[in-house]
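Participant: Given the structure of chain A, go ahead and fit chain B onto it with the hints provided.
Protein chains: 2
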Amino acid sequence: MCAKQTERVSVGPISGFPEWTPAERILEQRMLDTIRASFERYGFSPIETPSVERNDVLTAKGGAEAERQIYRLTSLYPQSVEDAREYSLHFDLTVPLARYVAQRYGDLVFPFRRYQIQKVWRGERPQHGRFREFTQCDIDIVGDGELGLMADAEIPAVISEVFSRLDIGNFCIRISNRKILTGYLEHLGYNEVETADILREADKIERQGVGPVREYLEGNGADASKIDGILELVQAEGSSQEILASLKAKTGIGDRYEQGVSELSTVVEFASSFGIPEANLQVDLGIIRGLDYYTGTIYETRLLDHPQLGSICSGGRYDDLASYYVGRTLPGVGISIGLSRLFSQLLRADILQAGAATVAPVLVTTPDESLYRKAIEIASDLRSNDISTEIYFEKARLARQLRYASRKGFKVAVIPLDEDLADGKVRFRDMESGDEQSVLIANLSNEIAKLVK
Amino acid sequence: MCAKQTERVSVGPISGFPEWTPAERILEQRMLDTIRASFERYGFSPIETPSVERNDVLTAKGGAEAERQIYRLTSLYPQSVEDAREYSLHFDLTVPLARYVAQRYGDLVFPFRRYQIQKVWRGERPQHGRFREFTQCDIDIVGDGELGLMADAEIPAVISEVFSRLDIGNFCIRISNRKILTGYLEHLGYNEVETADILREADKIERQGVGPVREYLEGNGADASKIDGILELVQAEGSSQEILASLKAKTGIGDRYEQGVSELSTVVEFASSFGIPEANLQVDLGIIRGLDYYTGTIYETRLLDHPQLGSICSGGRYDDLASYYVGRTLPGVGISIGLSRLFSQLLRADILQAGAATVAPVLVTTPDESLYRKAIEIASDLRSNDISTEIYFEKARLARQLRYASRKGFKVAVIPLDEDLADGKVRFRDMESGDEQSVLIANLSNEIAKLVK
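Protein sequence lines, in the order shown, are assigned to chains A and B.
Everything in the first sequence is counted per the numbering used here, starting at 172 for the first residue and increasing by one.
Everything in the second sequence is counted per the numbering used here, starting at 172 for the first residue and increasing by one.
Looking at chain A on its own, in the form it has when it is part of the complex:
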């Protein structure tokens, strides 16, 4: 409280580390609650892992771009935190899941279904909508040795539950199966490296058109019919059933292709029996993502009215979650929602608007100090009726207290006045309309419940 007061420390935002106003945070928290409730409704159990993992755990797989973005911990004052350098902040929730499952393999019950809603950190160059710290919401179903295809069919049902409840507009889950394209390219004679290259170029179609993939294929000596065959597959349009039918019509392409088509058919068929409307689930072989990770089903999700947001929920099936950490084959399927990015985009696109800066609908004002006890009594009654309530206790004229109520966005202001209290009544004001009425104190919580619920 002394010397340093004069040299004031500057307090601007830190680039890439989002922070919201109270009103915005209330909205974000509502989204997080909705996502969590949807995950729980489908029986996913919560886990939380530390923010850090050992460096060798984080880098076991190697080669990921995320690895170059890892934030290592050290001590602000050298030597005082001895072993801090051994661990770093996690850059996703998949590595921590893999480590968690490997470490606790013997204690977990499989299939292991978990959700995890946590911060992750990536030292990216901060730019439009890219954060260095952000909240991710993940679910995964992990099998021990094997995991049936129904898990892949259930995931779109969860995605659909989440985005229906979030109520941020029409959405479409795009679904594919990695084996179809790789099987097809294998059939055309491309080796693993070429296949990966082609998929990488095909992944650019949406942003850059077919130019890059066509160029790559031509440079690689492909003739027009090969190129057309590939592009036809990646760009196939029509209903899911139409696309699946035409995929099935191609015969003699090989086991991998056929397995992919069969898996995709089964997944789409069962996904629809979860009640996902046809418009919300679309087969699309043009989605590529997670080349070095996903091995079967792949998902992307978009808001139909806001394609500029890109995929807001993605994931897929993988064969091998944790072989870097444990001698078991643990296949799984999962998705991830990058909530911070989604939330900031929804705000920026005005799809969500921040509202009240309070979660409580009611402010009890205190026009006079002598009314503190009455105010407390009224507030306690409202609270015990599950109506969150704040009391304004500072000495201020009523007009100022009502201005406070209005600025914070309370729905109702209760105004205890001696003249009403003498009749066992109390006045309350609908902050939106400005209407005031007096009711018997015994009826207050009922009357307010009508207004706020």
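Just so you know, the hints here were simulated from the structure itself, not pulled from any lab data.
Put simply, identical chains are the same to the list, so a pair is met inside one copy or across any two.
Listed next, the in silico BS3-like pairs over lysine-lysine satisfying Cα-Cα at most 30 Å (straight line):
#1 419 - 545
#2 375 - 290
#3 621 - 545
#4 566 - 582
#5 419 - 566
#6 596 - 545
#7 397 - 419
#8 290 - 232
#9 582 - 621
#10 419 - 375
#11 596 - 566
#12 232 - 375
#13 624 - 596
#14 375 - 397
Predicted model only: the values in this text are computed from it and were never measured.
Facilitator: The following block gives chain B in isolation, referenced to the frame of chain A:
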């Protein structure tokens, strides 16, 4: 998926970074939900700040032990995250609150009431119950220029709400006012430094008895009557009203002392009008804490049946939140619950026991693949009736599926069998009693709701 598989990375726990099983995490999350709901019921608004602050913000106050424990961020690969070194993980939620309020001073409405439930990090030497990463749950009420005493009276009501709802045993909020002791010591002729020293020794009484403080006072030339006077104050016993009466009976001790006694009386008086039972709030001048921070009211909270846990919720009144960052006087009052520490102690003391490893009460089994559609239909119906439900989709004998249900702690297993379905019925099993019954599918969610709610 290739080369590295053979060199397996070890995956032990990281000392000081707690991680829970799914069943434990479910319990912890329930505690967090309860705390949050209590904070919201009293009209505190949520904020969340980044995990990092600039180094000069974190160290502005200086001298704190926590400062030596700060985790700085750097890059795992030098130079790739350029400016990471400028910021570090926060070590509490008070510095971030101060920075938040300072930065957004013009946009916030005062008194600013916020809650904040977040991870904090301290590079402590990890030992019994001390964590390097832990979740803190804070509330504060911050005034602009001034903040009335009613804020101090409201805080114990929130503490009481939280711990009544957490239902972890009888608790007592101990309350004091810093001005009483400092005023008394000032009256005895001690200067600021001596007063701080005496309070520091008095803070040890609970653990080490009166020896250290008596020794200090004797070494400082105090006569027996001085020493007795101080010890009598610090160790005063009796009801809050009795202690307050005897404090008021001492006259001529000076303004600061009298102000402290008057504030404490007012706070206790109004706190009780919030309905806090007398047994839950106790005046106790023996609580000292936060010497260089708190300036008036001080709170500590203990579980009466588990004194070994120490204070589980502490806080107090401060005059000056953010003068390092903004040219405003921002007095406030707040408390903090160290949730990770509390939770781990409750587990260790067996006050809390981890239960089910699932939040969903119902598992729908699939005795045969042909029943997948029916299982989905049943689960969808239960979910739409707000009953969280998992479907077991792996190929396994029913006995194994029921063992899964039992290991994860489901309350009910639904068993669709052709013989029942033919009659429009379905069987379900109370996993605790083992009782099975068949009901009309249309009645299933009602019947299950009775069992699980």
